[in-house]
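Taking the hints as your guide, dock the two standalone chains into a single complex.
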Amino acid sequence: MVVVQGDSMSEENVVDHLIDKQKPAAAPVKSAVDKFQLLPEFLKVRGLVKQHLDSFNYFINTGIKKIVRANDRIVSTVDPSLYLRFTDVRIGKPSMVVDAISEQITPHMCRLSDTTYAAPILVNIEYISGSHGRKEKMIKNDVVIGRMPIMLRSCCCVLYGKNEAELARLGECPLDPGGYFVVKGTEKVILIQEQLSKNRIIIDNDKKGNINASVTSSTEATKSKTVILMEKEKMYLCLNQFAKKIPIMVVMKAMGMESDQEVVQMVGRDPRYSALLLPSIEECANHGVYTQQQALEYLEAMVKRSTYSSSSAEKQENRALAILRDVFIANVPVRKNNFRPKCIYVAVMLRRMMEAILNKDAMDDKDYVGNKRLELSGQLISLLFEDFRFDFSQYIVRDSITNGLERALSTGNWDVKRFRMNRKGVTQVLARKVSGPRALQPSQWGMLCPCDTPEGEACGLVKNLALMTHVTTDEEESPLISLCKCLGVEDLELLSGEELHTPNSFLVIFNGLILGKHRRPQLRRAGKIGEFVSVFVNEKQRAVYIASDGGRVCRPLVIADKGVSRIKEHHMRELMDGARTFDDFLHEGLIEYLDVNEENNALIALYEWEATPETTHIEIEPFTILGVVAGLIPYPHHNQSPRNTYQCAMGKQAMGNIAYNQASFMSLVSIIRNVLFLTSDLPVIAVRPYGLATLPFASRLDMISLGLVRNATVAVMSYSGYDIEDAIVMNKASLDRGFGRCIVLKKYTCTNQKYENGASDRILRPQKNEERERVLDDDGLAAPGEIIRHGDIYINKESPIETRGPLKSAAALADVKYRPCAQIFKGTEGESCVVDRVALCSDKNNNLCIKYKIRHTRRPEVGDKFSSRHGQKGVCGTIIQQEDFPFSERGICPDLIMNPHGFPSRMTVGKMIELLGGKAGVSCGRFHYGSAFGEPSGHADRVEAISETLVKHGFSYNGKDFIYSGITGCPLQAYIFMGPIYYQKLKHMVLDKMHARGSGPRVMLTRQPTDGRARNGGLRVGEMEKDCLVAYGTSMLLYERLMVSSDQFEAQVCRACGLLGYYNQKLKAAMCTTCKNGDKVSTMKLPYACKLLIQELQSMNIVPRLKLAEA
Amino acid sequence: MKDDYLKFELRETDASVANALRRVMIAEVPTIAIDLVEIEVNSSVLNDEFIAHRLGLIPLTSERAMEMRFSRDCDACDGDGQCEYCSVEFHLRAKCVTDQTLDVTSKDLYSSDHAVIPVDFSDPSDPNEPSDNTETQRGVIIVKLRRGQELRLRAIARKGIGKDHAKWSPAATVTFMYEPEIHINEDLMETLTLEEKLSWIESSPTRVFDIDKVTQQVVVVDPEAYTYDDEVIKKAEAMGKRGLIDIRAKEDSFIFTVESTGAVKASQLFLNAIEILKQKLDAVRLSDDTVEADDQFGELGVHMRGG
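Protein chains in written order, with full-length UniProt numbering: chain A, 1 to 1111; chain B, 1 to 307.
Bound conformation, chain B alone (with noise of 0.2 angstroms):
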């Protein structure tokens, strides 16, 4: 687990509620990116929509995303969204004034909140990584100036979730898989030789098997590697030992890979997912009873009528 990067076992329940904990975590957890550019000087290569949509791709720190509003149902600002409490504001001025090329960067937005920034991918954990190491410390380019070029802008920054557009969503990635069960038929297995073995193991694309050093036996070393490629099972069966493995994926167990964009941290993530799945099954267990019930539940009533 790291910030960006999460992996977890899902047990005991069903391909259900799996995918609806991934289908949350790509099209609704919100998050909080540029949406709004008002563009006062733009005398770069790229033009204004180009800019604009470059910027609104930017992962900005959405902490606080869970708690903001809508712009759309936003009170204090009868929704022309330009409020504190739905909007964040950034102004980005760059000009170039020498001879080489300026890289205008996500690092030269600058933010009415502080707790809404461009994401920092400068690992300072990374040891390998010198501190001057101008490619991420930096940030991500959005357009590179030549001498004499402009670029002035003012941005709105509001709070969307995935369903709206992919810049909203928080998930680079999330993807599971069955987890699979692997048996090795033992007895089977010890009627080949060495070679057998090797080949047999080589004939996975991932490595799954490896052989033990010590008993010359095939071992599983990495089940997850597994990818239902049943490269294994037609290797068996060419080698004339059917049923030397089987491997059935297991119904009620699940891995789960996330990647996050940066946006939110994966864990966190995760738990927002849930929230908003809790949530959503409120709704619907309230709208059993009451039609009224969308209306209480702002929001989410969008995303039941939306969705």
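So here's chain A without its partners, still in its complex pose (with noise of 0.2 angstroms):
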């Protein structure tokens, strides 16, 4: 509904002066600024992983010296007067130490030797060195414990605020916006993981129904989770350390508030949370606890015997003691042994939980993204650091640090030994049964995309950060505390129980602190304090929350006054022409960024015309609620949903063209193997380009190349019947001039192998006189630019025959000594490959090591797969001259032909848009846009104005065609539905999966044929086949299939004994081994894998035996 806003639409507003001049023709009627170049500007500044690179640099520039800083002392065992102590950590500069001299790398070279990318941890130390009493300080600085893989385009790599023309230089693609690590030779990213926020109260019922009020705390020096839960009406602690639950009261005495009224007043006066209290008050009394003494006491009891305690009788008094201190509610600071923060907590956490009891609503929800937290490399990296520090200062093993990182960031399993954690692949999937955590919560709107999230196992589980969401990292929290304090807070202190509850006051909540009470809470609209901190009201819970930590995801809003955009005509107008940044507006306070909490108390407009004065904000743009793939669909608004799902999984096996630098890459993205096209289009229908440059980004982020293929001329129609079931048939004509070809890189390596007798393998001069040996060139390796065929040497190698031994001269070999070990070139028969480079360097081991990148160029054929941007995808089914071809007497002929069923039951109406918008802007000359939920803004073309422009150049405004059969040249009954669609080539083609055999090679145990494609395996009959060949009754078809074509084997058999035999050859007859005669020995033909099962069954003392019976 549009609220036009009467006066406050000022004339300012009126736009006669359209910011981008290709314009719709049919742009609504224009009485809001158009915001939609803030997004491109927004991503100019921001980039798509800016979080990725914050929080590693937050993690290089302050997290490695805190951990560092907060275990910095090894203290010998022995004598406790020597230590060692970090005083200083930092990074350097990517390097690597080749031959003791240090050597600068760029992340390229690495790619390229496949070697980490890493910089060297310098610390300065401290150390007590002496021996025989004389103890000296000694201080020495720089020292190297290890080597930190390094983000690309972070602060400390070499990449950072180089411009174009510098990265250039370094090899690297100017599109590459960074985040990911280079590891081994092959690029890693460190996937987002999403938690519980920490150091937050969280209401939730657990399995039994009880209420329970949880808290994860997390310090730099220790983590814990508190439970507090209600079982039968009864207040209980739930602490790892202790060996029950605990009833609350107790553990209130113990840290001193020994009267039960004190603690009934910091909960509340209300006589109904006195009520809810009094059961938990009488099973105190009931446990005869009434001072701190005797709770203490009680709880002592309660404490879990650690299995190495050996500590003094005197440390075990206070073990109670301090258990509360340290580990119960860790986040909350104790100083000089005050509780009083700890009981105030513990009181708030109470106050909740009845709250909860007394009315549902108050419960948390596990699944609200404002309650979420999301982990990013720095974080996690910083989790494996610290473990690994812990370690060495225990054994001080050098590579440790250098090597656990490198294998956790290569393999993705990320140990961390103190917190008994394991996550396997950092794309852990959680096995919860519920749906509560797959579900779309309302709350991700903006943040998390609603498409983009796989299907099956992992569905909504992982998901897909929205094209504006930025993930926080930690802010220093000191300033903000007392900027707090300045703006009125009462300290905690001061306040009596009584006074925390009064009805006008509202707890001021720091990072899950509680930092005391304010009485008249307002709304801030600082520009002093950082943009992403986030202070959010909550009035049922009469609190202000302050956040200023990590891993929250906020997104940015402009903002409004009384409904009034504070953005204007000429700040945009500013923005074009590159007089003012995003960063202006966000300093001018024009934007700012919101948490999901803080969206809680705003009242956000989509459109600046919906806005009432009631709107605090108002939407950047509607289509950035979706990430950067979905944001790739045309019209996905008009699409049935589960279809840009499909479309976000296949746009990430599209080919395309990953960056500037793909030529020079030795070793590709971590797929083996890279896809990349020939020829590629702008789609004629474009999502409104949110900068086209960005698009490389997404794909080297996801390790795909997310490229996008050709417009096609569509016909919707059934042709052939070779079209059923989505498959597509092609135009041989348009394959010839080039559509849809595309290059496939294949990568080989193999090093030249030293032994330990010092004997090495060696490459020879080939001979030349056997075909096979056709593209070798003098040095005995296959020139770039040769065409390779199946079959072909492209390494003459040869190996030593001696391995092992003394060491000799590598010289001295005769050439008898060496076994030819030629690389063979294993390629699809038939098809001829180019060695597209050929690479040498050397690897850790200092082997000649040897790359060869070799370049097959495809066309399509039958049976490749393509897709449209709406989850449409099918094969090619057959490819059809042009002639036969239907055309239209304008001359058009399409491209491909699509089945019609494709249409009715996916309901992909955005499709047919694109289709029509696509026909429509080939005639006119113009793009047409498709942004999502564009329509009301002018970044989609409505479907009337692309009629009109289709009529206007003699199209019929439905866009269907009048068309003529070629193979008859008579008219087809029917309008065809015809224009341009964009289509993409996926990954999938037949030439990689196509496979058959005849006989071929067997698996040595059981001599049956060897499976999968690679191995050149046979097709498994298996069970279900099994049986229908046994219910049809086809017994000498099972026979052969079973046996004859598999492991048929030739037995002799005791008739006697009833145990296999062997045939003697000399003797030239079968013999029994158990019998020691061959009188009764029959031959049968058995499996090989039943004989085999037999000879296993007998070496474990089983003896089966056969009964042979005349057949």
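Be a bit skeptical, because a hint or two may be false.
As a list, the in silico DSS-like pairs of lysine-lysine whose alpha-carbon atoms are at most 30 angstroms apart [unchecked claim]:
#	chain 1	residue 1	chain 2	residue 2
1	A	960	B	234
2	B	250	A	304
3	B	144	A	851
4	B	241	A	960
5	B	144	A	952
6	B	213	A	952
7	A	960	B	250
8	B	144	A	746
Hints listed in this document are in silico derivations from the structure and should not be mistaken for laboratory results.
What follows is the structure, encoded as structure tokens:
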């Protein structure tokens, strides 16, 4: 509903001067400022991976120092006066040590030489050295303790702050956003991990339906989980360190709150609360706990005896208190044994629980995005580093940090010993049965993409950030705390329990810490504090939450005053002229970042004209709720929702160009094979380009090449019968002219091994008389540009026969001491590839390493997979000559034909509009746009406008054409819906998949055919196939398939003992091993696997005996 | 009629003949196109196959094509396709020595036969075109070279037909339509007001009808522009004037549009097509009598079998 705000839409908003020259013809009545341009600008300053970079930078600059400071002392257990102390830590420049010389490295060098892009971790240490009583304090600076993999484009990276030309000189693509690591030559990304927020009270139901309040505390020193739960109307504390549940009142008493009255006051004077608390108080009294001393004694009895407890008895005494101090809600600091803050914290927890009991609405939702924190690469690495540091302090092992970090990054196994955490594949899937976490949360709006999630197992658990989402990093707390104090927050210490919950005051909670209370809370609009600090008022809980911690998701919104946007036309004009950047908008308070909690205090209008006086914020563009991949779908809001999800999955399989420097990639993105396109267009129907340059970014991020293919003229009709089940019919002439061609690059590596006796592999000059040595150069390697076929030798290598034994000089070996070990190219038979590049380098053992990149240009063939941008995939069913293709009287002949049955059940109306818009686009020569929800703001062309354009250019308004059959020349009965649609070629190609075999290799153990295409394996007649043949009664066929064609074996069986014998070649007679004669031995055929089974059973003292009957 | 554009009417025949003609023009009129590329040096950004593919698609003037032999049944060179009867050799040498990118175009291809050269797209008859328009004068761009990059290759062009590969197809577009027969029911039309007439005329996406300024009568200005979209008929029905107009396709009259790639003049393309069609028909007639006729007709026999 469009609410036009009378005079608030001031004159300056009336747009006669359009921002974009290519405004769609039928743009709606423009009364709002076009804020679209903010998006590319936003991406320019922030990029798509800013959150990763920020997080990593924070870790490098601050986090690592904090960790080292937290445990910086290693004290000798023998002599406590001997110690080693780390005074400072920092990360150096990325470099590599070759032959004791440190050498600067660039990411591209690492990619080529399969090394890790890492920088040394330098520490300044201070230690006591000395023996025989003479102790000296020594200081040593810049000691290397390990090497830290460096995130590309982070502040430690050599690429940091470089311009385009400098990047090109370093062999780097300027479009590459960084945010990933290069580990052993492969590019690795750390996926964001989602977690429940730390240090926050979460009220929840447990499995038994009991209400509990839990806090996961996390500080630099400790991490713990505290649960208070309500069972049978009594409240208990659950803590790992205590063997049993502990009545909460005992805990309160142990912390010095001896008076029940005070506890009740702290929780609140409301009689309902006191009534709920009463059973707990009574229970405490039943246990006979009245004083702090009694309570501590009670707790002492409950403390779990640790197995290796050897500390003195005196220490034992204070164990309970120590636990309460250090483990129990560890995030609340205890200074000078003042437990009061903790008591208040517990009281607040109790109060929240009781509220939840009285009113179910007060329960927290674990899936609520505001209660989630996203752990980024910086946090994850710091977790690892912390663990290694722990290791380090115990036994100084060289390279343990280097190797540990490298291993974690390359395998994705995040083992943190200290917290017994073990995360396999950083994309680990939660095994929660409930649908809750998988469902779309309303609070995800604008933060996480609603479309982009995988299907199946990980559905809804693996999420993608929306376009404008930012994930915060930690911010310094103390200035904020003092700022709060200045703004009139009353300190907790000064308040009595009674005052805590006076009706007109609000508790101020800062990063899960109760700071104090404030009498008149106001919302802020500060320019002074950090842009990502969130302030949020919860009216129900009468609390103000202030958050500056890392991992919150937030997004920018335009601020509105009484419903009038702060961004005016002139601001946007300045932006267009380059006089203003996105950051200026932030600094001037036109735009601010809101996190999920803050959004609850805001009234956000979708469009400017929908704003009412209560509106506080206005969305920048509605389609920013989608992620990067979903944002590429034209008209997604017209599609059935799962189709968009399918496209998100499929868009990642499409081929395209990955980067400017793709030609120089030796090792390619993590998929061994990189596929790219010879020819690609811009789509005629584009989603408004939010900087098309950003596309490869996305691809690099997800380690896929997100590329799009071509605008194909598609006729929606049935043709030839080879188009059933979503198959498409392609025009041969289009393929001849280059439609859908792609290059497949494969990498082959080979190392020249050195052996322990000093001998090494060698590469020989070819004899040049064999056909398969055709491609070899005189140096024994294939030359770039040479056409290589299946079975050709590409490295003429020989290995020494003797590789062990004493050292010999390599030159002394005679030719006869080598055996040929030529590398033979195994491609597809009948296809010819080209040697694209040959690179020689040395690997980490200083062996010669030869890398080949072999290129294969492919044109589409029957069975290749294609897809439009609407989740409509299909294989090429047949390829038909152009003259047989239908044509219109204008001479338009489609590139491909799609079966109309693809439409009714899929309901991809967006595809139809894309076709229509594409047709209008090519006929009028202007790009049309199809951004999500873009119609009201003019970023998507309306169908009415498109139809008008079509009619103007002599087409029917509905996109249908009068078509003649190419075979008969007669007109077709129906009008055919025809126009251009952007088609992607997906990476699944028949050439990589087709497989059949007659006879071939067998498995050594069972003598059955091998399995799988890679081993030229057989096709299994499985259990179900067997059942079919059994049911059909074709016993001979079964016999042939399962025995003759598989592992038939002729065995000698002794009729006397029933055991297997053997055939004695000398005597030309069969013998029985057990009976020691050959009298009663018969020959029979049985599967080798069966013979193997019999022998295996015999080896474990089971005697299977065969009883033979005459057949 | 222009060199590369031809529009004509075909009368007193049926769709099968018209379509046969169309099909032959697209797929069976021979032209010459680069078929084999030997690359000596290629340091450009595009890889060898890519350049070879692009070279293949460059149209070459193919007036000679009808007389030339297919390399596969050329007697002079036992099928290796490198003799003057069946092939034309091209050379390309380009190296960029300046800081500006160098466009390597079809003009850089040097032919061994002056009759077979890359098609010149500059139109000397067009007075609007400035003579120094490098865009059209430079021909088809093959690759762009940066400083220091070089491309040196030898290419062999051969005769072929569009059926084998689209690069040998001489026709960019060949299409035909039935000639429409338009009858306006003048009596009914007279019942319409001028506005109604105008809106009715507007309803056709193409300009088929117009209003005579003098008589204010609807007249057919361009029946060939009619695209059989039925829009006017629907409009008439919507206006409640069923039978206002009657449009029928003349079953025996076709309007052909031929656009050539430039390899062969459009008119010549049409004549060649008729020639080939005739040969094919002869072959069919003869093969009725003798099976061996196939062999006698060489290339056409191949067409018959292949097609």
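Hints, verified against the model:
| no. | hint | result |
| --- | --- | --- |
| 1 | A/960 / B/234 | 15 angstroms, holds |
| 2 | B/250 / A/304 | 100 angstroms, violated |
| 3 | B/144 / A/851 | 29 angstroms, holds |
| 4 | B/241 / A/960 | 24 angstroms, holds |
| 5 | B/144 / A/952 | 38 angstroms, violated |
| 6 | B/213 / A/952 | 22 angstroms, holds |
| 7 | A/960 / B/250 | 22 angstroms, holds |
| 8 | B/144 / A/746 | 26 angstroms, holds |
Checked against the numbered hints given earlier, the structure breaks hints 2, 5 and satisfies all the rest.
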